[in-house]
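Asker: Required output: the full structure, derived from the provided sequences and hints.
Chain residues, written in single-letter form:
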Amino acid sequence: AQKVTQAQTEISVVEKEDVTLDCVYETRDTTYYLFWYKQPPSGELVFLIRRNSFDEQNEISGRYSWNFQKSTSSFNFTITASQVVDSAVYFCALSMSFQKLVFGTGTRLLVSP
Amino acid sequence: NAGVMQNPRHLVRRRGQEARLRCSPMKGHSHVYWYRQLPEEGLKFMVYLQKENIIDESGMPKERFSAEFPKEGPSILRIQQVVRGDSAAYFCASSPGQRSYNEQFFGPGTRLTVL
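Chains G and F, in that order, are what the protein sequence lines are.
Position 44, counted from 1, in the first sequence is what the working numbering calls 44; the numbers after and before it change by one each time, with no gaps.
Position 30, counted from 1, in the second sequence is what the working numbering calls 1030; the numbers after and before it change by one each time, with no gaps.
These are calculated hints, taken from the structure and not from any lab test.
The model shown is predicted, which means the values in this text are computed figures rather than measured ones.
There's no promise every hint is true.
[What the hints assert, rightly or not] The list that follows gives simulated cross-link-like pairs (lysine to aspartate or glutamate, EDC-like), each with its CA atoms no further than 16 Å apart: (1) K3/G x E26/G; (2) K70/G x E56/G; (3) K38/G x E1068/F; (4) K16/G x E1068/F; (5) K70/G x E59/G; (6) K1051/F x E1068/F; (7) K38/G x E56/G; (8) K3/G x D22/G; (9) K38/G x E1040/F.
Answerer: Put into structure tokens, the structure is as follows:
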């Protein structure tokens, strides 16, 4: 069975602080995909990143970076110099090819001015 | 290229009524997934469909819920005899299928409120 754990329920930071959101996953498959989605207060789901299990290269996109470590089954997400607009619920998710996404319970990030 | 469309965006029903939620996938996408998000919770998979076929319905409640994705037209999630516990946000996602890394594009969701 597949499972995604986001142990941090809520994180509060002050603007310009760096923040890391943790994601630990479980799967027996050797081929799988990991995702991060953002859900702002307006409620829609915004796709942030997809990684496949064969690509452990870390990725940076502007203020966002992701650290994928198969050895610890983790796919952590770091926001550098956080901004108020980053306030949202962030979901980590796991899937096998062409199959359902298994979501974590989400981490609510509150960035105050 | 329009994104995934869902309608209505908000739906209010009284207990015992039927709810019909529609999802039009992105152009060229042949795979549709439905997820439910209960208040203050994460998204839970309900059903995965391709045109005219249900591929995986392991997340669908056994009673009152059904889904279809006809050859023509949108995918429909139907909830019969709604109860207060059905109040949730229902998200549809679509995927191209072939030659895809299963990147699922989500619609804006339908917020169902059962009075």
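Asker: Work down the list of hints and note, for each, if the structure agrees.
Answerer: Results of checking the hints against the structure:
1. K3/G x E26/G: Measuring from Cα to Cα gives roughly 5 Å; hence the hint holds.
2. K70/G x E56/G: 7 Å, holds
3. K38/G x E1068/F: Distance of about 28 Å is beyond 16 Å: violated.
4. K16/G x E1068/F: Distance ~47 Å between K16/G and E1068/F Cα, so the pair is violated.
5. K70/G x E59/G: It holds: about 15 Å lies between the C-alpha atoms, which stays within 16 Å.
6. K1051/F x E1068/F: It holds: about 8 Å lies between the C-alpha atoms, which stays within 16 Å.
7. K38/G x E56/G: 22 Å, violated
8. K3/G x D22/G: Since the Cα atoms of K3/G and D22/G sit roughly 14 Å apart, the hinted pair holds (cutoff 16 Å).
9. K38/G x E1040/F: Holds: K38/G and E1040/F sit about 15 Å apart, inside 16 Å.
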